[in-house]
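Undergrad: The residues making up each chain are set out below.
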Amino acid sequence: MDFFQQLLGPAWPLVWTTLKIVAIVLPIMGAVAYLTLAERKVIGYIQVRIGPNRVGPRGLLQPIADALKLLTKEIIIPAGANRFLFLLAPVISIMAALAAWAVIPFDAHLVLADVNAGLLYVLAITSMGVYGVIIAGWASNSKYAFLGGLRSAAQIVAYEIAMGFALVGVLMMSNSLNLGDIVRAQEGRAGLLSWNWIPLFPMFVVYVISAVAETNRAPFDVAEGESEIVAGFHVEYSGMAFAIFFLAEYANMILVSTLAAIMFLGGWLSPVPGLPGGVHWLLLKVVFGLFFFLWFRATFPRYRYDQIMRLGWKVFIPVTLVWLLVVGVWMRTPLWLWN
Amino acid sequence: MSFQTAIFYAFAAILLFAALRVITARNPVHSALFLVLAFVTAAGLWMLLEAEFLAIVLVLVYVGAVMVLFLFVVMMLDINLDRLREGYWDYLVPALVVAGVMVLEMATILLGRYFSLEGMPRPSPRPADYSNTRELGRLVYTEYVYPFEVAAVLLLVAIVAAIALTLRARKDSKFQDPARQVKVKRADRVRLVSMPAEKPAGGGKEG
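For the protein sequence lines, the chains are W and P, in the order given. Using the numbering used here, the first residue of the first sequence is number 3, and each one after it goes up by one. Using the numbering used here, the first residue of the second sequence is number 34, and each one after it goes up by one.
By construction, these hints were calculated from the structure, which means they are not laboratory data. Where hints are given, some of them may not hold.
[Unchecked claim] Mimicking DSS-like on lysine-lysine, the simulated pairs with C-alpha atoms at most 25 Å apart in a straight line are: (1) K316(W) - K232(P); (2) K22(W) - K43(W); (3) K316(W) - K207(P).
[Said to hold, decoys possible] Covered stretches of chain W, as calculated for chain P (at least 3 residues, CB under 8 Å): (4) 117-124; (5) 128-137; (6) 294-301; (7) 308-314.
Beta carbons: idealized from backbone N, C-alpha and C, even for Gly.
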């Protein structure tokens with residue numbers, strides 16, 4: 003490593019950071035590809051089918067075949083569409099889904115950027131993802147896409163507030179916005195009982211459901227709503243432009259599962275006291291969260307639009323506000339067990 | 034020129050360009066998107082000033098929430114550009130007067146003796162583990178607690194007023210109440226009636 007450092011001189015930090023970014027993004031892309039296969043397999047078994055099993059051994063090469071198919075398809079730009087914004091929208095989506103990974107701690111020392119305001123950064127970056135959907139809806143010059151974009155905008159603004167309040171509870175537990183410190187604050191003698199999910203249980207539930215809503219996944223996928231508005235915001239997209247929206251959706255699922263694992267389920271900490279923590283625990287928790295996403299999709303019918311709004315504004319926000327007060331008072335009493 | 038200065042000039046140029054396009058773009062949706070670009074660039078400038086918390090909150094609140102709602106409204110407007118251009122010359126004179134006053138006001142502050150750059154000492158750079166957020170929180174809830182509470186009450190009044198202005202429900206319009214819909218039980222919708230099978234009157238013979 004010293005040899006390269008001398009060879010490249012002042013450009014070395016740039017090269018080294020780029021290498022680290024590639025080392026994070028490439029596994030995510032692989033995980034996204036195999037998450038699509040896992041989704042088809044899991045939902046297949048839930049519906050008493052087998053799922054894809056033709057390409058490669060046990061269908062394991064299916065995602066690669068899908069990617070090749072999408073790469074070779076034509077990108078059609080509809081008449082009257084705003085060409086620049088039409089092509090910018092998927093780029094914004096994937097940018098928001100990948101940039102947030104910069105502050106995610108995989109291990110006690112394994113993090114790209116150990117930022118003080120890490121949690122705020124994640125919130126700010128993920129809140130920019132909605133522009134991909136809105137711009138796609140507007141630039142497509144199509145009624146269905148436009149309706150999908152509007153629905154998504156209203157939904158994401160509603161659920162972001164509940165999600166933000168749920169995260170305020172996490173801040174109260176850890177006294178820090180740094181994601182690494184948030185995990186370290188959950189370390190305790192009782193293993194998985196000392197994690198945040200017990201004292202903040204209502205917020206954990208609100209966070210998980212808001213995460214499903216934020217990623218536009220079933221049963222909150224009214225922005226796509228194929229039975230009402232065909233495919234919503236991405237109805238006019240084809241080929242690679244569509245594939246990038248697809249990638250962004252699945253990368254976002256992995257991201258919110260990771261965030262849930264870090265903030266409520268102890269990140270890289272081991273659930274059994276005594277066992278050493280490590281990145282494998284984080285991966286296990288993320289996979290556990292992702293399985294819930296797939297399970298939800300196979301189980302629940304799509305929410306009606308006004309019911310989604312009611313749930314966000316009239317149920318989740320009051321629940322989180324009340325629990326903030328409860329936790330605030332509870333922390334001051336001797337009955338508080340999580341120190 | 035140091036790296037930071039170069040970044041400052043690049044961001045400042047983008048900010049000025051975006052701000053100019055906000056008022057000159059023909060399409061209001063493009064204007065709103067340029068405003069988003071201006072906010073993001075301004076956040077970058079604040080980051081250069083080591084104000085991480087404010088910079089990220091600017092993106093979170095203005096880009097993530099306020100501008101989304103702005104776009105939401107602007108995209109739904111049916112805009113006739115010709116009608117917007119009507120009366121351009123009538124408004125030009127008052128607009129120039131307003132602009133002149135604003136330039137004059139800013140000039141008195143920026144060019145005056147009392148607010149020159151020499152009066153402001155350059156803040157010393159903080160160590161890397163200095164938490165901007167913690168410091169801001171401490172100040173807001175100790176030294177500036179009363180101004181902060183007054184601002185909060187003002188905002189609350191504005192929220193209440195805004196909701197009160199829009200809460201003009203028409204009595205004759207029909208609407209669904211999801212809260213009542215989800216509470217519905219089977220007994221509210223279906224009545225099970227026990228109907229014993231009747232024996233045919235003739236007895237035995239089937240027709």
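Undergrad: Evaluate each hint against the coordinates.
TA: These are the hints, each one checked on the structure:
Among the hinted pairs, K316(W) with K232(P) is inconsistent with the structure: their alpha-carbon atoms are about 55 Å apart, more than 25 Å. Of the pairs offered as hints, the one joining K22(W) and K43(W) is violated, with about 32 Å between alpha carbons and a cut-off of 25 Å exceeded. For the hint pairing K316(W) with K207(P), the CA-to-CA distance comes to about 21 Å; that is within 25 Å, so the pair holds. Residues of the stretch 117-124 of chain W with a Cβ under 8 Å from some Cβ of chain P number 5, which satisfies the need for three, so the listed coverage holds.
Coverage of a stretch by a chain is defined here by at least three residues with a beta carbon nearer than 8 Å to that chain's beta carbons; for the stretch 128-137 of chain W and chain P the count is 6, and the condition holds. Proximity of the stretch 294-301 of chain W to chain P, defined as three or more residues with a beta carbon under 8 Å from a beta carbon of that chain, is not established by the 0 residues found. Here the stretch 308-314 of chain W counts 3 residues with a CB under 8 Å from a CB of chain P, which clears the bar of 3, and the coverage holds.
The structure fails to meet hints 1, 2, 6 from the earlier list, while all remaining hints are met.
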